[in-house]
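S.K.: Listed here are the chains, written in short residue letters.
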Amino acid sequence: MNTFKIGGVHPEPNKLTADRKIETLALPQQAVFPLSQHIGAPAVPCVQKGDTVRVGTRIAEPGGFMSASIHSSVSGKVAKIDTVVDASGLRKPAIFIDVEGDEWEPSIDRSEKLVLQSTKSREEIIECIKNAGIVGMGGACFPTHVKLCPPKECTIDTLIINAVECEPYLTADHRLMLEHPDEIIIGIKVILKVLGIDRAVIGVEANKPDAIELLKSKTSMVSGIEVMPLQMKYPQGGEKQLIEAVTGRQVPPPPALPANVGCVVQNVGTVFAIYEAVMKNKPLFERIVTVTGKSVKNPCNLRVRMGTPVSQLLEYAGGMPADTGKLISGGPMMGRPLLDETAPVVKGTSGILLIPEKEAARREERNCIRCAKCVQACPMGLEPYLLATASESQDWECAEENWIMSCIECGCCQSTCPSRRPLLDWVRLAKNRVGGIIRARNAKK
Amino acid sequence: MAQKLYITTSPHVHCGDTIERNMRWVIVALMPALIASFIYFGVGSLIVTATSVASCLFFEWFITRVFLKKPSTLADGSAIITGILLAFNLPSNLPLYMIVVGALVAIGIGKMAFGGLGNNPFNPALVGRVFLLISFPARMTSWPVPHQMTAYADAVTGATPMNLIGQIAGGNTAAADQLPALKDLFLGNIGGCLGEVSALALLIGLVILLWRRVITWHIPVTIFATVAVLTGLMWLINPVLYVNPLYHLCSGGLMLGAIFMATDYVTSPMTPKGMVWYGIGIGFLTVVIRYFGSYPEGMSFAILLMNAVTPLINNWCKPKRFGEAVK
Chain B
1 MNTFKIGGVH
11 PEPNKLTADR
21 KIETLALPQQ
31 AVFPLSQHIG
41 APAVPCVQKG
51 DTVRVGTRIA
61 EPGGFMSASI
71 HSSVSGKVAK
81 IDTVVDASGL
91 RKPAIFIDVE
101 GDEWEPSIDR
111 SEKLVLQSTK
121 SREEIIECIK
131 NAGIVGMGGA
141 CFPTHVKLCP
151 PKECTIDTLI
161 INAVECEPYL
171 TADHRLMLEH
181 PDEIIIGIKV
191 ILKVLGIDRA
201 VIGVEANKPD
211 AIELLKSKTS
221 MVSGIEVMPL
231 QMKYPQGGEK
241 QLIEAVTGRQ
251 VPPPPALPAN
261 VGCVVQNVGT
271 VFAIYEAVMK
281 NKPLFERIVT
291 VTGKSVKNPC
301 NLRVRMGTPV
311 SQLLEYAGGM
321 PADTGKLISG
331 GPMMGRPLLD
341 ETAPVVKGTS
351 GILLIPEKEA
361 ARREERNCIR
371 CAKCVQACPM
381 GLEPYLLATA
391 SESQDWECAE
401 ENWIMSCIEC
411 GCCQSTCPSR
421 RPLLDWVRLA
431 KNRVGGIIRA
441 RNAKK
Chain L
1001 MAQKLYITTS
1011 PHVHCGDTIE
1021 RNMRWVIVAL
1031 MPALIASFIY
1041 FGVGSLIVTA
1051 TSVASCLFFE
1061 WFITRVFLKK
1071 PSTLADGSAI
1081 ITGILLAFNL
1091 PSNLPLYMIV
1101 VGALVAIGIG
1111 KMAFGGLGNN
1121 PFNPALVGRV
1131 FLLISFPARM
1141 TSWPVPHQMT
1151 AYADAVTGAT
1161 PMNLIGQIAG
1171 GNTAAADQLP
1181 ALKDLFLGNI
1191 GGCLGEVSAL
1201 ALLIGLVILL
1211 WRRVITWHIP
1221 VTIFATVAVL
1231 TGLMWLINPV
1241 LYVNPLYHLC
1251 SGGLMLGAIF
1261 MATDYVTSPM
1271 TPKGMVWYGI
1281 GIGFLTVVIR
1291 YFGSYPEGMS
1301 FAILLMNAVT
1311 PLINNWCKPK
1321 RFGEAVK
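Chains B and L supply the protein sequences, listed in that same order. Using this note's numbering, you'd call the opening residue of the first sequence number 1 and step up by one each time. Using this note's numbering, you'd call the opening residue of the second sequence number 1001 and step up by one each time.
Heads up, a few of these hints could be off.
Derived SDA-like pairs (lysine to any residue); straight-line CA-CA distance at most 20 Å [as the list claims (entries may be wrong)]:
#, chain 1, residue 1, chain 2, residue 2
1, L, K1069, B, Q312
2, B, K21, B, Q312
3, L, K1004, B, R363
FYI, nobody ran anything at the bench for these hints, they're computed from the structure.
Please model the complete structure; the sequences and the hints are all you need to start from.
M.R.: Written out as structure tokens, the structure reads:
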């Protein structure tokens, strides 16, 4: 079975919710839409306080080329445009909507019926995806319409569907594949049409045999779409690792893109959103969220309208356990900690994870004993111990020479360190500084 | 909200590995060799080992608590390992005061002077051992012969396979008749430092270390391979003067050094490529010292010399970066 070659770790999978069907969460009383839910410029509000909106009404427009629209997930009145603390821990501008009823935009096809064919042209499909505000649903939130227009000089030959879900605990993608396989396959065909190619590979880790079976049987009659089971290893869902696992090609260091080796990668959740946007005319305003944790009473997979406060998800899952020490948006390896449960669900919220206090606290850091386990674990072939030391002594030159900008922040190094050193914290700090130095240097040229 | 939440960046989970876990498994892996040593050298081996471990623990505690006024670091287990490894590199009849001096040099100069665990450039146990070898050359190079269960200071000493190999290479080909059978060499039924004699017990330790993923195969295997190839070539050139490479692999401190001393985390290189070069260097220097040096055994010096080169190896041998090949 294929996998990526360098490094990687095997965290406990803890997929507690793999067998839990997707349930639909009730509407919130008030929905909050941060304007920055994606990589790039924040969106610009196109509604005002007091405006009436419906489900699917666009409430904010892209703030630039690299940006995305935001749509209301509820019907009601715009209460205010204010700020909210999001998963970054920072206060960000957001649109607040008080919910009244559940009235949808009439243009959205709400029927259960599968739509198999579309007469839309390539350009119309891209426009449709852009208008629907779709971003990468795996967590990085890169605007999808940008990703579907790779640089002209690159020849794309393979579309890779990221259905790896290598983050422990999370099962949103897994459930989506089990419950909506047909939509996903149609979505893949739509993307193939946009890219003008005829080969797609769905990469799934071997711990989801039911999804592999189902997708294999569904694609057996479809030419060009292959389901590839992959050996379990974190961070296989990392874009570069997945491309290597599937095609054996290694993306060169930044600023090279996957397109440079002929690949475009899309998360399986994004593919589903593309189906809904193109075939059902439904903008991105709801997503599947896994609510989980070892002490959670009723861990579950929920279909949630964007803007719903995390507290409502927790309530559905049986409340926040008394021993909770950390509340995380996303998975345990790369997720972001939430300051409290008032934060709203956004496009990138793949899961809400509650970690018990005894696992949440970091242990005291000790001397580096030079065991080299971080070097063995790093999937990018870096030396985390060295980068962390360079960062600590502010030796930005050493950090740059040793490829710090290649770090994908997967956390393998820190999660293996027997001395419990905060390696990734130091590396992030140095990456930030070195990135600034490189930009300044390029600006001078 | 009732609970206070931790706010830290990712990753939020840890595999559970600790310094203590790694050290514990090294100690476990050393046990077969200690048992073998007791079988062949009797109480002497236990007296030397107990003295060495106790002295190392005492000096580490004394230096951290009394001199540095820091929290004790005894719990990490590294002082116990230094103690056992120092003892394993000593004859089982060494006077107690020499062991204590060796422990003081190992812990005090070899480790704590540089800032404790993680900062020492040289393997502390070997620093202690080589200090003793230079200071007390006579006592350090006369080894008891096996099967003296109750003997300690009064143990009868005799020639070791290492001495004999040296004599043969020096032209005294008659010494070849005294060489023990390969089976005795492998099991440890020979004279030598108390922990180094049983290749079998040390190899069991290697299996434990690899199984618990404390170390990787790179360093021990490259040392074995380098020594086997070099001594094998010499054996093929002149089998009268130079012994079969299996004798080299199973005698002297080679197994102990390759499995437990050269693989010391702190003083060995960080990348697989670096580990291979380091292993080749140790194997090469060992053979050179064994055949051309004035000491019959060269493992300790070879490891210490390569320890000194480790920072350079770390600079030269970078891991294969992702995407480098297509740059």
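S.K.: Does the structure keep K1004(L) and R363(B) at a Cα separation of 20 Å or less?
M.R.: Since the Cα atoms of K1004(L) and R363(B) sit roughly 17 Å apart, the hinted pair holds (cutoff 20 Å).
S.K.: Verify the proposed pairing of K1069(L) with Q312(B), using a straight-line Cα cut of 20 Å.
M.R.: violated (52 Å)
S.K.: Next pair to validate is K21(B) with Q312(B); report whether the Cα-Cα distance is within 20 Å.
M.R.: Holds: K21(B) and Q312(B) sit about 18 Å apart, inside 20 Å.
Going down the numbered hints, you'll see the structure goes against just number 1.
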